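J.: Residues per chain, in single letters:
There are 6 protein chains.
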Amino acid sequence: MRLLLINPNTTEALTDRLAAAAAQVLPADVTLLPTTAEAGFPYISSRAEAQIAGADVLATIARHRDDIDAVAIAAFGDPGLLAARELFDLPVTGMTEAAMVSALMLGQKFAFVTFAARLAPWYGEQVRQAELGARHAGVFTPDLPLGAIDRIDSDMREPLIAECRRAVAAGADVLILSGAPLAGMAATLTDDIPAVLVDPVQAAVLQAASLVRLAPRGAAAGSFARPPAKQSTGLPADLARVIADADPPAGSRR
Amino acid sequence: MRLLLINPNTTEALTDRLAAAAAQVLPADVTLLPTTAEAGFPYISSRAEAQIAGADVLATIARHRDDIDAVAIAAFGDPGLLAARELFDLPVTGMTEAAMVSALMLGQKFAFVTFAARLAPWYGEQVRQAELGARHAGVFTPDLPLGAIDRIDSDMREPLIAECRRAVAAGADVLILSGAPLAGMAATLTDDIPAVLVDPVQAAVLQAASLVRLAPRGAAAGSFARPPAKQSTGLPADLARVIADADPPAGSRR
Amino acid sequence: MRLLLINPNTTEALTDRLAAAAAQVLPADVTLLPTTAEAGFPYISSRAEAQIAGADVLATIARHRDDIDAVAIAAFGDPGLLAARELFDLPVTGMTEAAMVSALMLGQKFAFVTFAARLAPWYGEQVRQAELGARHAGVFTPDLPLGAIDRIDSDMREPLIAECRRAVAAGADVLILSGAPLAGMAATLTDDIPAVLVDPVQAAVLQAASLVRLAPRGAAAGSFARPPAKQSTGLPADLARVIADADPPAGSRR
Amino acid sequence: MRLLLINPNTTEALTDRLAAAAAQVLPADVTLLPTTAEAGFPYISSRAEAQIAGADVLATIARHRDDIDAVAIAAFGDPGLLAARELFDLPVTGMTEAAMVSALMLGQKFAFVTFAARLAPWYGEQVRQAELGARHAGVFTPDLPLGAIDRIDSDMREPLIAECRRAVAAGADVLILSGAPLAGMAATLTDDIPAVLVDPVQAAVLQAASLVRLAPRGAAAGSFARPPAKQSTGLPADLARVIADADPPAGSRR
Amino acid sequence: MRLLLINPNTTEALTDRLAAAAAQVLPADVTLLPTTAEAGFPYISSRAEAQIAGADVLATIARHRDDIDAVAIAAFGDPGLLAARELFDLPVTGMTEAAMVSALMLGQKFAFVTFAARLAPWYGEQVRQAELGARHAGVFTPDLPLGAIDRIDSDMREPLIAECRRAVAAGADVLILSGAPLAGMAATLTDDIPAVLVDPVQAAVLQAASLVRLAPRGAAAGSFARPPAKQSTGLPADLARVIADADPPAGSRR
Amino acid sequence: MRLLLINPNTTEALTDRLAAAAAQVLPADVTLLPTTAEAGFPYISSRAEAQIAGADVLATIARHRDDIDAVAIAAFGDPGLLAARELFDLPVTGMTEAAMVSALMLGQKFAFVTFAARLAPWYGEQVRQAELGARHAGVFTPDLPLGAIDRIDSDMREPLIAECRRAVAAGADVLILSGAPLAGMAATLTDDIPAVLVDPVQAAVLQAASLVRLAPRGAAAGSFARPPAKQSTGLPADLARVIADADPPAGSRR
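Chains as they are written, first to last, in my numbering: chain B, 21 to 274; chain F, 21 to 274; chain X, 21 to 274; chain G, 21 to 274; chain W, 21 to 274; chain H, 21 to 274.
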């Protein structure tokens, strides 16, 4: 099984970090294909950036669709997730949704713990979009200046532990370490925190692999049925071709 | 007051239709600046298309931001609405949200009535995102092939009336004629339907004009506070400049 | 356009204050007709008082209905709003509902900030009745004795700023200054508070004016269809006449 | 125990009917004091009428408060219920709320079955106000002209049975016969309907009697704490006295 | 009327305590039959224990069903409640549900106040199962080691008062003293707490008695219709007989 | 990885059927250990039966806990799921929950399609307990007498297809074939139904396997933290030992 792991940020070091965390949990028969965005932002941290990056995610999938069995979008906020699910006949997962969905089986209330306060309202909207608010205990974030993303392991360890404990006190029993820069940290924090920690990129690749096994027809029908073929102006060529293609090749249909 | 009316579709006839409907209700002191998308799709009808068009909406606002007081995004599904609200210090409204919000003051349950069945799940998600599901009576749509968009007035009149009546029977007392191609039809259907009809583009421009009068600081703070300045790769120049601009000109700040 | 601004309290100074705040935002073509209640209470602050005042609101509209295009009920808690919407074929708005509805387009979570703790549960019920709880961040109120209503500007300024900041910390990005005695204060507080402030009486008159432009048939149908004519005992004459009138004059029908 | 049964309608025959139904279930130690409204409407069937009648309910309780232990408001829609609960230190129940609350222990979904279509939206609002929508299967009502209220037993029997069955098919397992004119009919319909029937006036008096036994302090604190004493203009004397009374007689305090 | 009061714990002193609290409020015509579990746990405090105890509750009712008119299950968490309601044609109430349902008529928000932190998530699930979350202000519990259950009156009095006050500050106006060991304490705490206190076992027996008067057919139909007769292996004899019995004796049918 | 697949029914043929369906999707490194209940019912179809069977599920896990890495409970309704999650430090999944959670990533609304009308209310409660009602399109079931469970493939094929289509028409885009006797049918029905079909036992084993990879500490903390050690009376020996064991062997701790 070939799984496309899309990092919608332009920072390659993040891709490496995400792929390393994913590799720890991947079943033996799954091959990971990590990609890094060529256009966009070093690190997506707003709705506006996600709007733009999400369009690029669609183009990335369009470029690879004949070589892959499933897609995991590896940025918190899941840019382009619902659009991709609609446009491609492949299982597509996102870090946020996959982490929430996994959390539902590990406890009664999940919380997001992240590293920058201004992410909170936008991250909270992902819960709303999934209609999982009744199981959500909130977004917890240190009230600190955002350090360099590549020093998060060292700089943010103590503040993150403090926030995790605050989340537990607020009733959360599953904590989702929210944001690609935190990939892989769950294993190193878990001894200090009285709750289950979920690593979202691990959840995203595991759920994608399970969906391939479970649902060979992907999301081909219903709400996410493929839109009718349509001409467009000014789109990347691969993406324009997918959108214009009334009868996609059997290989990409599941 | 200068109000940018963005048609995110590439069809100019739709822009004319939207502007005409808007003009019927516009207060005397409001000037409308209608625009048509240069890239994208003749008519947006899927999440994937909205993902792409929404990015273009941001670029359009970036191009005009020094000349305008508010923005109305005139495609059902409100592509780019939350992102625009975050990125620009101007009141920004969308057809769907503005129509729902107006409906709350005209009845107890609103319904969407539209012209193509496959729009229903996506339109329904707008209600979910706004957390207005408890006031929503559903999406009603004829089970007919989609005719040419420019013949909707004649072809779809009877099917739309039938759907409006079905919506009323299901408990709706405000009906939102959903989709830009239906702009202006409320006035011609109203005599045949025992409910209040709302024309979404009219709602969008009226709410935008009211927000300008009401809230001189726009959405400059809180959840929609402007993201920090950020470098980007591969964006349209005006938009990249807005995103990279830590200290936007006073003129665009309200 | 003629807009009846009903102060359901018996305090004339409040009427002046409300009318002054409304005048700041009124479009040029709207004429305001402010009224003060002749019976009832100096300042409504309980459900029981609102039950009684709401009946009087209906009588007030009945007295004026042939001279007006819309009504704004200017007491927080919206006494008589749904009943008036049902009984009269005119757009009718209330301070609370109009402020909430406007807030939906300015942020993700709104809060009420008010001046007396015992208003909180009753004000909270307005959110429930409108089914907007998912967008509500709470009611914030100083824990201070209620001073004279006419000294609120000076006495309450600092406590209100403190509560506004508490509301922001709790996730609100739009703050509704709740209660007629706070009318006009938004402009004077806004520089000290990192959130959007909404003045409810301004929202009420703006939304009423927009509804007149948008929905020429008012709420004549559906859930708020006019009740059948009915005889009554012991009501004010104008109101009894409206209720007994199976076929209201065309002038009052929109 | 003395229980005031308020019929807020002016029709004495209804009072007799309500009292007869209540008497069938009353514990031996409870004495019923039925009253009929002197002002208002023969039969309340709209929000506007309930707004007015609710104010009269308050005056009625004020007249009797020294002689009673609890109050049951016997009109569907519960006019004045929350206001009365706030103003008087007595248990106060309403037909609608008491029937819903009882239904929660008899099944998973309750429905209202009533006799006139235009009552449906207003009755539905009672569910919303109580936040019980997740347990509500809808309002079911014949599509027939409303006959004389005093011939409902004979005229409406078959249509009501048909609606009850429709409600069951829609998932309801408890049916509330909604509206004072249906008082007492549950017993005569029950053999024909595969669901539990609840008679709301019976529920209202039983719950009121239980609350007297359960909660000797009534609703004296919290959200329904008594409002501070206040002067008023133009109110019935007994009611004005209650509202002006900072220190109500011990006899009325429980 | 004969009312079976089931203590699903094996501690007889708790049965005495529960029966004493119930006796204080019982109408004169109701006879209480208290029972103590013979198998299971001294005090149920987890979902696992409730799963097991709930099965025993069914066997207990099966043993007594020909001698009783109604059942009250007297352990917080209501073990076996929905299963019993389905299997037996008798009104069955539970402490938690009955207390919540009574609270709905005494205030706007209820809270649980209990004596051990680890009960909180499980108790919170009862609110969720009843879909009453919108009226729930939370579970409040001291952060203390759990003392001996039989010394709760003396050891826990001050901590419970503190938690009650915290619950009031969080918006609760009705407080449910949650857990059988707290039975009877409401009367002794009430003077120190500015809110309505509900004693759950009192609520359970009062609601059961009212349901007997109200709904002579019990929950015989709809969601709780009796399951078809079925053979089983390894069940207590009385229970196996009830489950295998396609045509239960008329005496147990109401 | 060793996965205990518990059939809580006493019918061995069902166990074979469930194991065969699970085997189709199982990753190569997962070994399935299927068990059949020795006490209880041939086929669980009510809350009362699930209450009893759930207690037996706990005893079954207690017997096997030292030999397994995870548990999948293979009866719709998930008897004993939350209790097992609390009592054992292993990932535990249930057919219903796992199917719902998987459905969230495959569409916007899921429906249950099952074979007997009386299962509908109980199955619907599973959605409520998981707080997933906003994503649920209903329970769809033929209005036919229940045939022999072992002839469902042939007898029920056409009625099930009809119900699946009804569910799609009602807005569902993911259909969960609900009930152990339907295990394995998704593959044979999928060509006739325009929606994604989910086989719940397959979802349960895939999610259990993923949780083992994802969350090495299982549900050891938070809401599902292990209850304190407790003595009991009359329980199966293995289960009593687990419950009495304050310090479970390291082997069962993950």
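Since the hints were made in silico from the structure, they are not lab data.
Quick caveat: nothing in here was measured; it's all calculated off a predicted structure.
Ideal Cβ placement from N, Cα and C applies to all residues, glycine included.
One thing to keep in mind: the hints can contain errors.
[Unchecked claim] Here are some chain H residues the structure puts well away from chain B; computed CB gaps all over 12 Å:
| # | residue |
| --- | --- |
| 1 | L53 |
| 2 | A59 |
| 3 | I172 |
| 4 | A206 |
[As the list claims (entries may be wrong)] If we take Cβ atoms under 7 Å as the criterion, some of the chain B residues that face chain H in the derived model are:
| # | residue |
| --- | --- |
| 5 | V45 |
| 6 | L126 |
| 7 | G127 |
| 8 | R155 |
| 9 | V216 |
| 10 | S230 |
| 11 | S243 |
J.: Should the hint that V216 (chain B) touches chain H count as held when the rule is a Cβ pair under 7 Å?
T.: 6 Å, holds
J.: Would you check whether R155 (chain B) satisfies its interface hint, that is, whether its CB is within less than 7 Å of any CB in chain H?
T.: 6 Å, holds
J.: Beyond 12 Å from chain B, beta-carbon-wise, is A206 (chain H)?
T.: 9 Å, violated
J.: Confirm or reject the statement that I172 (chain H) sits farther than 12 Å, beta carbon to beta carbon, from all of chain B.
T.: Given a closest Cβ separation of 21 Å, the condition holds.
J.: Are all beta-carbon distances from L53 (chain H) to chain B longer than 12 Å?
T.: The claim holds: L53 (chain H) sits with its nearest Cβ about 19 Å from chain B, beyond 12 Å.
J.: Does the CB of V45 (chain B) sit less than 7 Å away from some CB of chain H?
T.: 4 Å, holds
J.: Checking hints one by one. Is S243 (chain B) an interface residue toward chain H, by the C-beta closer than 7 Å rule?
T.: 4 Å, holds
J.: Quick one, is the L126 (chain B) hint okay against chain H at 7 Å, beta carbons?
T.: At 5 Å from the nearest chain H Cβ, L126 (chain B) passes the 7 Å test, so the hint holds.
J.: Do the numbers back the hint for S230 (chain B), that is, is its least Cβ distance to chain H under 7 Å?
T.: This hint holds: S230 (chain B) lies near chain H, its Cβ roughly 4 Å from the closest one there, short of 7 Å.
J.: If I take the minimum Cβ distance from A59 (chain H) to any residue of chain B, is it greater than 12 Å?
T.: 27 Å, holds
J.: Do the numbers back the hint for G127 (chain B), that is, is its least Cβ distance to chain H under 7 Å?
T.: For G127 (chain B), the interface hint holds, since the closest Cβ of chain H sits about 5 Å away, which is under 7 Å.
Violation of the numbered hints given earlier is confined to hint 4; every other hint is satisfied by the structure.
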